[in-house]
Structures are given as C-alpha cells and as structure tokens.
Amino acid sequence: MTELLEPRSLREALAMMRRDALTPIAGCTDIYVGLHFGTLSAKRFINLWDLKELRGIKLKGDVLVLGALTTYSELIESRLVNRRLPMLVAASREVGGPQIQNRGTIGGNIANASPAGDSLPVLAVAEASIVLKSADGARRIAFNDFYTGYRKTVMRPDELITALEIPPVEGRQWFWKVGTRAAQAISKVVMAAVRSERTRIALGSVAPTVVRLPKTEAAIGISVEKAQRALREEIKPIDDIRSTAVYRLRVACNLLARFWRETS
Amino acid sequence: MRLDLNGAKVDIAAPPMKRLLDVLREQCALTGTKEGCGEGECGACTVLVDGRPVNSCLVPFAQVKGCKVVTIEGLDSRLKEVFAREGGAQCGFCTPGMIVAAAALRKGGDVRAGLAGNLCRCTGYTAIFRALNP
Chain A
635 MTELLEPRSL
645 REALAMMRRD
655 ALTPIAGCTD
665 IYVGLHFGTL
675 SAKRFINLWD
685 LKELRGIKLK
695 GDVLVLGALT
705 TYSELIESRL
715 VNRRLPMLVA
725 ASREVGGPQI
735 QNRGTIGGNI
745 ANASPAGDSL
755 PVLAVAEASI
765 VLKSADGARR
775 IAFNDFYTGY
785 RKTVMRPDEL
795 ITALEIPPVE
805 GRQWFWKVGT
815 RAAQAISKVV
825 MAAVRSERTR
835 IALGSVAPTV
845 VRLPKTEAAI
855 GISVEKAQRA
865 LREEIKPIDD
875 IRSTAVYRLR
885 VACNLLARFW
895 RETS
Chain B
15 MRLDLNGAKV
25 DIAAPPMKRL
35 LDVLREQCAL
45 TGTKEGCGEG
55 ECGACTVLVD
65 GRPVNSCLVP
75 FAQVKGCKVV
85 TIEGLDSRLK
95 EVFAREGGAQ
105 CGFCTPGMIV
115 AAAALRKGGD
125 VRAGLAGNLC
135 RCTGYTAIFR
145 ALNP
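Respectively, the protein sequence lines represent chains A and B.
Here the numbering used here is used: the first residue of the first sequence is 635, the next is one more, and so on.
Here the numbering used here is used: the first residue of the second sequence is 15, the next is one more, and so on.
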C-alpha cells in the first residue's frame, strides 16, 4: 500500500524528511512511470507540489533564482528567463510535449539524475548553484559538483532541492537536442554551450552523468578539428535502446562544429 | 476531497496516489478519457487541470485538490464537430485526448507544438491539423 504525506509548508516537509525515508514527488512525470510499471519500489511519498516556497522565478541582485517547482511551461513563458537564459527556454520546449511541460519541474529534472535530462547541460554551462535544504539549514552545491555517478548525487536523504541560482551568462548561448522526433523523445545526444572568452560546453546522454568538457572547451579556441579530437577522448558514450556509441560520438562531433558555426 | 469537475463541485473519496485517470474512469464514470501508454508519451488521457493540458495517467489524485478539472465530457461540441467534419479521427482512441489538447490551444498559437504531446497511429495527422486550421 502506498502512502502519501502532505506537508503544508517547507518547514513541515523538511521535518518529515528528517523523520522518515520518503520519496519526494512533484510533477510526477518520471515517478509515475516507474510506479505504474513496477520499476520503482518506494512505498512512502511526500507531496511537494503545493509548497509555495518552492515556486517562483525572480532576480536576487544579478542572480536568477528559479524555485525547484518551476515547470517547463513557466520557464518557456517567463520574460526574465527568455531574456537571461534563452538556452533554458530552448531546452524546456523540447521536453516531452505541453502535457509534460505543464507538470515537469526543473528541480525534478535535477533530482531524477538521468544522464539524458534535457535541462542539465544548460545548467552545467550556466554554472548554476543548487540550493539544498534540510531541517538543519541550507547549503549550496555547484551544479558541476552535484552528480557523483550514474543516477548518484551528493544529496542526503533528508534534503530537498529548493531552488537554483544562476549567475549572469556572458556570451552567445546555444542548445541542441538530437532525438528520434522533435517532441516526446528522450535524447540520443543533447548539447548546451556558451561562446565567450571562456567558452563552455556540456553534453548529455554520452556518459553516466551530464558532462562538462574542459579539454574540448580549451581546444575549440584553436580549431574545431582540434576540439573534435579532444571531444573523442573526453566522452565514452555507450550503446543502449536509444542509440549507439558510434552514432553518439559522431553526432556529438557534428554538434560541436554546428555550435561553433552558428555562434560565429 | 473537493474539486471542480466539468463545472460541478464534487467531493470524491479516493486514495491520494491513485492516478487521476483511474479516478475519472472508475469512480466518476467518465470513460471518455482513455489510457494509451500509461507513461505520458501518447496524450490519450489528456485532461485540463486549471485550464492546462496534463496527462491524467501521471497525476496523483491528491494533486487536483481544489482544482478545476475538465475532461472530454465537459467540453462543448464545437471542436468535436470540426474534428468530425474534417475526418480528424479513424479508430478514435486518441480523439478525446487530441480534442482536449486542442481546447487548450491559444489563439494564434502553433497547432503542431500544441498537439506535440498527442500521438495518433492512424490518421496521419493531416485531417486533425486541417480541423484546427480551417
């Protein structure tokens, strides 16, 4: 029998997380798939969907703050996000279809920790910070230190992702997702990049976690060919139900060239 | 638990983690909402929650407390008529979800993007697109 706890405030939620081993739910676009098909063994859940403290898009100084429950639709519709982080809007538009965009949340995308999460390469190149809260207080983790392995993160079981903090991003932003079709498909390769004096490049679906590519980033200022060679050494994609290692490697190299061409 | 269902205030007792889809079909006799894939890929179970299309197979019943839920049964006949006129259905299984998603399209909004979350395996989509772009 499944059980659902329904806190009325973040404080209450954190106290519940401290007392029991609970699986947080919000938009349920991942959790309910696992639950329905029996691949998720959790029985005790905590509903975060109604926690107002976890919603909202705002500026704090020059830092863009996204509540963990911000949906893809809210990101797409936000003027502030369109102005500051167009690559996140581009990524949000390619998550599922409208039905998924209306429920799926950015905090959920991070917590689900899939290497194919569409928003994750964007957060990697935007050098976002993740705000984690527990009954003890808050801590901030650099996005690029958050994942430690396949579906593994530095989060403790009593912590919740409450917000994302994104500093200003200088330079030209770029995002591309390659999947079987435009909507509803999980990516074969997904890339986000920022072209600037300090060019940043991240890829999804080519490693156990989303990855930044420091050697590729350093090489691309010299030439695209050098960067492609660096990329071939930096990623180790696999064969799986969605694609093959060979295809992913080739497409990743092509995306790199495309990014450089389109942002010149 | 109280909610607004197709314009009527209702009070329904159901387990909080039960899928909205199952509550609608099994407890409210609203069988117009179909289950296709059961994993948010096909859109056959689309309903509106506070005016926005969602996959009811992915919504826990607890999360529609106090919300306005509209199913295919709660929509007026205008869209149903244009779908029928243009032949925007063959087997009909995707049709309720397709029409509910279409009901949420904004004026001047992109029909293809608006219906991107609804799959149809028989029409080839052309007649559906035509119904929504007279």
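If you are wondering where the hints come from, they were derived from the structure by calculation, not from laboratory data.
Wrong hints could be hidden among the right ones.
Listed next, the in silico DSSO-like pairs over lysine-lysine satisfying Cα-Cα at most 30 Å (straight line) [said to hold, decoys possible]:
1) B:K32 - A:K786
2) A:K686 - B:K23
3) B:K121 - B:K82
4) A:K786 - A:K849
5) B:K79 - A:K677
Consistency of the hints with the structure:
Restraint check for K32 (chain B) and K786 (chain A): satisfied, since their Cα atoms lie roughly 29 Å apart, inside the 30 Å limit. With a C-alpha separation of about 25 Å, the suggested pair K686 (chain A) and K23 (chain B) falls inside the 30 Å cut-off, and the hint holds. About 21 Å separates the Cα atoms of K121 (chain B) and K82 (chain B), which keeps this hinted pair within 30 Å; it holds. Between K786 (chain A) and K849 (chain A), the direct Cα distance comes to roughly 24 Å. Compliance with the 30 Å bound is thereby established for this hinted pair.
The hinted pair formed by K79 (chain B) and K677 (chain A) meets the criterion: a straight-line CA distance of about 21 Å does not exceed 30 Å.
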